[in-house]
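*Asks:* Heads up: the sequence lines are chains A and B, in that order. Take the first sequence: its letter number 80 is residue 80 in this note's numbering, and every next letter is one higher. Take the second sequence: its letter number 194 is residue 194 in this note's numbering, and every next letter is one higher.
Note that these hints are calculated values from the structure, not bench results. Careful: at least some of the hints might be erroneous.
[Claimed, not checked] Capping the alpha-carbon separation at 25 Å, the derived lysine-lysine pairs in DSS-like fashion look like this:
no., chain 1, residue 1, chain 2, residue 2
1, B, LYS188, A, LYS72
2, B, LYS195, B, LYS314
3, B, LYS143, A, LYS72
4, B, LYS44, A, LYS66
[To be verified] One-sided excerpt, in silico: chain B residues whose CB lies under 10 Å from chain A:
no., residue
5, GLY120
6, ARG123
7, LEU131
8, LYS143
9, LYS144
10, ARG181
11, SER182
12, ASP305
13, SER307
14, SER308
15, SER310
16, GLY355
17, ALA358
All of these numbers come straight from a predicted model, not from anything done at the bench. A virtual CB, placed ideally from N, CA and C, is assigned to each residue, including glycine.
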Amino acid sequence: MRHIISILLENEAGALSRVAGLFSARAYNIETLTVAPTEDVSLSRLTIVTSGTDAVVEQITKQLNKLIDVIKVVDLSEAAHIERELMLIKVRATGKDREELKRLADIFRGHILDVTESTYVIELTASGAKLDSFIQAIDAGLILETVRTGVCGIGRGERILKV
Amino acid sequence: MTMMTGAEIVIRCLQEEKVEYVFGYPGGAVLHIYDALFKQDQIKHVLVRHEQAAVHAADGLARSSHKVGVALVTSGPGATNAVTGIATAYMDSIPLVVISGQVPNEYIGQDAFQECDTVGITRPCVKHNFLVNDVHKLAVTIKKAFYIANSGRPGPVVIDIPKDVTAAKCKFEYPETIQLRSYNPVVKGHLGQIKKAVHLLLEAKRPMIYTGGGVILSNGSEQLTRLTRRLGFPITNTLMGLGAYPATDQQFLGMPGMHGTVEANLAMQHCDVLLAIGARFDDRVIGNPENFSSIPRKIIHVDIDPSSISKRVKVDLPIVGNVPDVLEEMLRLLDAANAGPDGEALAAWWTQIAGWRAKECMKYRMKKSVIMPQYVMEKLYEVTGGKAIVTSDVGQHQMWAAQYYKFDEPRRWINSGGLGTMGVGLPYAMGAALQHPEMQIVCVTGEGSIQMCIQELSTAKQFRLPIKIINLNNRYLGMVRQWQEMFYGSRYSESYMDSLPDFVKLAEAYGHVGIRVERPEDVESALRKAFVDHKDDLVFMDFITDQKANVFPMVAAGKGLADMILTEDL
Chain A
1 MRHIISILLE
11 NEAGALSRVA
21 GLFSARAYNI
31 ETLTVAPTED
41 VSLSRLTIVT
51 SGTDAVVEQI
61 TKQLNKLIDV
71 IKVVDLSEAA
81 HIERELMLIK
91 VRATGKDREE
101 LKRLADIFRG
111 HILDVTESTY
121 VIELTASGAK
131 LDSFIQAIDA
141 GLILETVRTG
151 VCGIGRGERI
161 LKV
Chain B
1 MTMMTGAEIV
11 IRCLQEEKVE
21 YVFGYPGGAV
31 LHIYDALFKQ
41 DQIKHVLVRH
51 EQAAVHAADG
61 LARSSHKVGV
71 ALVTSGPGAT
81 NAVTGIATAY
91 MDSIPLVVIS
101 GQVPNEYIGQ
111 DAFQECDTVG
121 ITRPCVKHNF
131 LVNDVHKLAV
141 TIKKAFYIAN
151 SGRPGPVVID
161 IPKDVTAAKC
171 KFEYPETIQL
181 RSYNPVVKGH
191 LGQIKKAVHL
201 LLEAKRPMIY
211 TGGGVILSNG
221 SEQLTRLTRR
231 LGFPITNTLM
241 GLGAYPATDQ
251 QFLGMPGMHG
261 TVEANLAMQH
271 CDVLLAIGAR
281 FDDRVIGNPE
291 NFSSIPRKII
301 HVDIDPSSIS
311 KRVKVDLPIV
321 GNVPDVLEEM
331 LRLLDAANAG
341 PDGEALAAWW
351 TQIAGWRAKE
361 CMKYRMKKSV
371 IMPQYVMEKL
381 YEVTGGKAIV
391 TSDVGQHQMW
401 AAQYYKFDEP
411 RRWINSGGLG
421 TMGVGLPYAM
431 GAALQHPEMQ
441 IVCVTGEGSI
451 QMCIQELSTA
461 KQFRLPIKII
471 NLNNRYLGMV
481 RQWQEMFYGS
491 RYSESYMDSL
501 PDFVKLAEAY
511 GHVGIRVERP
521 EDVESALRKA
531 FVDHKDDLVF
541 MDFITDQKAN
551 VFPMVAAGKG
561 LADMILTEDL
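Taking the hints into account, I'd like the entire structure generated from these sequences.
*Replies:* The structure is reproduced here in structure tokens:
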């Protein structure tokens, strides 16, 4: 099962490596990881997408909570939430592909950020799954480069992760 | 307020924490700290011969006393040598503060002389660690380190201090208390859960109590003993938990696990309610978790660390809290309920256990001409009246000490259970001997393990530590040999210890007393000679023991607890 785990941690040197090190030391899987300071600069918000059985995910949250720099941990995917990921994708855009790629970007509500005679850079913000389907919709031979930020997520409504 | 250097602040903080002994080894990056140490006489420094031993000795002091052990090492190799000690303490949840020097701030990352990323290297084997890059943060960091090390589930904390920080000056202020928003260990258990647990215990037909190192670490032995006696249930203590309940008591079934007794293992396997306290269902204790879970039983698990609960075995009733607090609450509820367990069922259960006990699984065959290691342990128990602090190294001798020396009190048995570090025995004994000058301190070891920290014979001489070393010398890495005999067709690959030193002469070379014992009839008199005639000396006793003796019972790795191999020649 795929889980999105959100972590509030002290914005201290080395705090990120404690989290990353925990995952590798205990052989937990990290699909994506994003981290940045919050509105309170003493805090960082970290989002990890992982997968595992319920027992493994329970251990992951317990082990994360044990880290001294970790303040709060929540499994976002346990309840209603929003997830978004940003992707920049550079594609070969020549001939009839130019029009087709533009149309596809529009359908996925992407933006074309950079245009040259032979390439586009398309920006797309969506759930991870939607980004995957965009990639699948394009002829693989046209993709020159993809960059993804990894998932960040937030609970819906009154579900708030704060100190 | 006076200005102090970082080095003076370090020493002052240790004084504030009432630290009596610091185990360490000087070097470039800690010279300022050693200079500050020189100018005071409140803290005694113990100069070891290798940094690994500094951490082990601090660890031994902590294990024998419930104090935080403190070690001081220099940067680079000083810190890397300390890593084995730190990892050893981490696996057994021992409170330590390890201070390491670091190259000056401006040199960090430049591949400077004796530079290493101490915080990075130790991160996976500490409870927490700090790099203090500013003298103004030094005192508060040290306060945090002691608080973190010794609260919740204890563990080692490393403080890495660049040399320029120890030279820089600032005003000294030591906080009385510390609050960390990200760290608030639970103490009291959830009352609803404890009530359910008491109910389950009173309903049990075949109850069993299984306790680990957590009871020792939390000083919960007194509450455990009262609860166990009050309920009349059978109890087992793991290797790390020996002494939590008196081993000479009738309700005690011996140690469980890979080398546990038949009665403890079968009671663990066949009980209907298992009360696990400060234990973690380790692979050396329950064997294969799938096999363990194949027989239905209700499990109550008391532990201060939520991540220990349902980690290897699914638990029915978790109680997160400090062991003595939770047990005290259980006792209170039992009193209030004014109820006892099901006496009839319990009597039948004890009868079943008596059947297992009758197998006398700890029996071994004496030999006329050669000393059996088990016999040395039995005699050691007799000669010391069961009152010694016994440290051990890792291997067969460790298991024999755990099996045949009956510990009636906590903090008398000191060994590396989690990491299984050979070489800990002598430094552990040093830490314990300094902390308990009035007690008999014994180090049970083998000719393999002792050579891993043999250099500490020199430290023991310098500090006049009257440790009694019991070397069970079988000229083999015994536990390796045993596995090779049982699982590798007796191909003894690299397990034979050749070219051993003459341990008697070696002991004498260090200024100690050495005694070699080769015949069974000399064992007791030799022990008496060491403990009585040479009470105040370190005595290295080299017992030449049976080369083929194996540790039994044994549950092979990956097998279930009921799958025990018993002594083959009985």
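*Asks:* LYS143/B and LYS72/A were given as a pair; does the straight-line alpha-carbon distance stay at or below 25 Å?
*Replies:* holds, 23 Å
*Asks:* Measure nothing beyond the straight line between the CA atoms of LYS44/B and LYS66/A; if it is 25 Å or shorter, mark the hint as holding.
*Replies:* At roughly 34 Å apart (the allowed maximum being 25 Å), LYS66/A and LYS44/B break the hint.
*Asks:* Return the status of the interface hint for SER182/B: holds when the least beta-carbon distance to chain A is below 10 Å, violated otherwise.
*Replies:* Hint on SER182/B: holds, closest Cβ of chain A at ~4 Å, below 10 Å.
*Asks:* Given a cut of 10 Å on the nearest C-beta pair, is the interface hint for ALA358/B held or broken against chain A?
*Replies:* It is violated, given that the least Cβ distance between ALA358/B and chain A is near 39 Å, above 10 Å.
*Asks:* Assess, step by step, whether the Cα of LYS195/B is no farther than 25 Å from the Cα of LYS314/B, and give holds or violated.
*Replies:* Holds, because 20 Å separates the two Cα atoms, which is no more than 25 Å.
*Asks:* Let me know if the C-beta of ASP305/B comes in closer than 10 Å to any C-beta of chain A, holds or violated.
*Replies:* Holds: closest Cβ of chain A sits about 7 Å from ASP305/B, inside 10 Å.
*Asks:* Is the interface hint for ARG123/B satisfied, with its Cβ closer than 10 Å to some Cβ of chain A?
*Replies:* At 6 Å from the nearest chain A Cβ, ARG123/B passes the 10 Å test, so the hint holds.
*Asks:* Using Cβ atoms only, decide whether LEU131/B comes closer than 10 Å to chain A, and label the hint accordingly.
*Replies:* Status holds, d = 7 Å.
*Asks:* With a cut-off of 10 Å, does the beta carbon of ARG181/B approach a beta carbon of chain A closely enough for the hint to hold?
*Replies:* With Cβ-Cβ at 6 Å, under 10 Å, it holds.
*Asks:* Against chain A, is SER310/B within 10 Å by beta-carbon distance?
*Replies:* holds, 7 Å
*Asks:* Let me know if the C-beta of LYS143/B comes in closer than 10 Å to any C-beta of chain A, holds or violated.
*Replies:* Violated, because the Cβ-Cβ distance from LYS143/B to chain A comes to roughly 14 Å (cut-off 10 Å).
*Asks:* Using Cβ atoms only, decide whether GLY355/B comes closer than 10 Å to chain A, and label the hint accordingly.
*Replies:* violated, 36 Å
The structure fails hints 4, 8, 16 and 17 (numbered hints given earlier, in ascending order).
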